[in-house]
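Asks: Sequence:
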Amino acid sequence: GTVLVTGGTGALGALTARHLVARGSRDLLLLSRGGPDAPGAGELLSELRAAGAHAEVVACDITDAEALAEAVRGRRITSVFHVAGVLDDGVATTLTPDRVRAVLAAKATAARLLHELLPDVEEFVLYSSVSAALGTPGQGNYAAANAYLDALARHRHTRGLPALSLAWGPWDVGAGMTGALTDADRERAARSGLPLTTAGTGTALLDAAMAGADPAVLPGAVDVTGFTGREEVPHLLRGLVRGPRRAAASPAGEVSFAGRLRALPAGERALMVLERVRAEAAAVLGFPTADAVEKDRPFKELGFDSLTAVELRNRLGAVTGVRLPATLVFDHPTPEALAERLGAELVPPEPGAADALTAGLDALEASPDALSPGDRSRLRVRLSALLARWADDQAGQDPDGTEDQDADLAAATEEDIFALIDSELESP
Numbered sequence: 001g002t003v004l005v006t007g008g009t010g011a012l013g014a015l016t017a018r019h020l021v022a023r024g025s026r027d028l029l030l031l032s033r034g035g036p037d038a039p040g041a042g043e044l045l046s047e048l049r050a051a052g053a054h055a056e057v058v059a060c061d062i063t064d065a066e067a068l069a070e071a072v073r074g075r076r077i078t079s080v081f082h083v084a085g086v087l088d089d090g091v092a093t094t095l096t097p098d099r100v101r102a103v104l105a106a107k108a109t110a111a112r113l114l115h116e117l118l119p120d121v122e123e124f125v126l127y128s129s130v131s132a133a134l135g136t137p138g139q140g141n142y143a144a145a146n147a148y149l150d151a152l153a154r155h156r157h158t159r160g161l162p163a164l165s166l167a168w169g170p171w172d173v174g175a176g177m178t179g180a181l182t183d184a185d186r187e188r189a190a191r192s193g194l195p196l197t198t199a200g201t202g203t204a205l206l207d208a209a210m211a212g213a214d215p216a217v218l219p220g221a222v223d224v225t226g227f228t229g230r231e232e233v234p235h236l237l238r239g240l241v242r243g244p245r246r247a248a249a250s251p252a253g254e255v256s257f258a259g260r261l262r263a264l265p266a267g268e269r270a271l272m273v274l275e276r277v278r279a280e281a282a283a284v285l286g287f288p289t290a291d292a293v294e295k296d297r298p299f300k301e302l303g304f305d306s307l308t309a310v311e312l313r314n315r316l317g318a319v320t321g322v323r324l325p326a327t328l329v330f331d332h333p334t335p336e337a338l339a340e341r342l343g344a345e346l347v348p349p350e351p352g353a354a355d356a357l358t359a360g361l362d363a364l365e366a367s368p369d370a371l372s373p374g375d376r377s378r379l380r381v382r383l384s385a386l387l388a389r390w391a392d393d394q395a396g397q398d399p400d401g402t403e404d405q406d407a408d409l410a411a412a413t414e415e416d417i418f419a420l421i422d423s424e425l426e427s428p
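Be aware that the sequence shown starts at 1, since it is given in the numbering used here, and climbs by one per residue.
Derived by calculation from the structure, the hints in this document are not laboratory data. Even for Gly, the Cβ is constructed at its ideal location relative to N, Cα and C. Just so you know, nobody snuck in bad clues.
Here are the simulated EDC-like pairs of lysine to aspartate or glutamate, each with C-alpha atoms no more than 16 Å apart in a straight line: (1) Lys295 - Glu275; (2) Lys295 - Glu340; (3) Lys295 - Glu336; (4) Lys300 - Glu336; (5) Lys300 - Asp331.
Using C-beta positions, here's what the derived DEER-type ranges look like: (6) Glu340 - Asp207: 50 to 56 Å; (7) Pro265 - Pro298: 28 to 34 Å; (8) Asp98 - Asp369: 53 to 59 Å.
Using the sequences and the hints given, assemble the complete structure.
Replies: What follows is the structure, given as structure tokens:
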């Protein structure tokens, strides 16, 4: 029979096709959007045919039921390898329905159509993702799409149908959905706890999984130390990984980052925070020093994407002990802006006289009946005199009177403030 491979001309699909032929498959149907015109399709066909296989590449939108039915019409499909997928990473708050829909379609919709269209196949292999099992920053839509594949495999298994869902981690197989990888990408993957899977390791894991009986597996290595200290530890690893150690809970004798910051003169604090932001950004991007991270250059221009942005958020959160939003880098797009935000979180500005008086006003306004009629009368007289003086002082000063108003408010006594509140509450 014929082996059907979706995404057959992509890096992972082509690797799978070559491996299937090496295992003895002799009739392959490779589906892709680009078909024979896809980059590398001609070379792949020549290679497969030279190895003794009959292979054909067909252009097909696998999310379209009619197009998919037409592509397989007249063929005896005995095996399905659903490799195709689309990435559109972004933190959840930036995802639109269209962005979610496109990612779901390539994985989930296509898998459902294959399940319905080819009920009698002997092998039904789905290339899922570790994002569905462990979660990967910035891939909420992709995680949901692949969780569907895992569920579909279990559904088929309970019905006695062949099924295998493989929750792959990141691959190192050249250009593909993840693009060409740099050394910095490989180092970052290793730090994340999900080292890259090479072609040889991946195909060996594929064979082992297909020889087993489990409908859903996570092939590959997981380095649990990469998950230590994360704000959220994946459910599957909670028995193996320690929870986060916040900077606020530093061991005895160890001064936290915030403590060291507060000990500095006010004029030196901003520089300390900025240098730490630059250092952490350089570490995330794989730069040897922080010199390459200019303080006023946007993170996007430096090479940050949604995944590295979340990694920077995690690193800064671990250092500072502050719970930071996933959109931190998007909300504060330069190292300087981000450092300013962190500095305000770690060492809030001390309230001035006006802030303290305003707090008193708020408290009295919230409880207008706290004053007796006699107190209200006395305070009203006092405030009336104060207001008259403020009005006289304002005349001839700056046009909007803001400077004198601020100065008088700072000098006002508590009795002055009480009288002001009393007057406001009783005015019609």
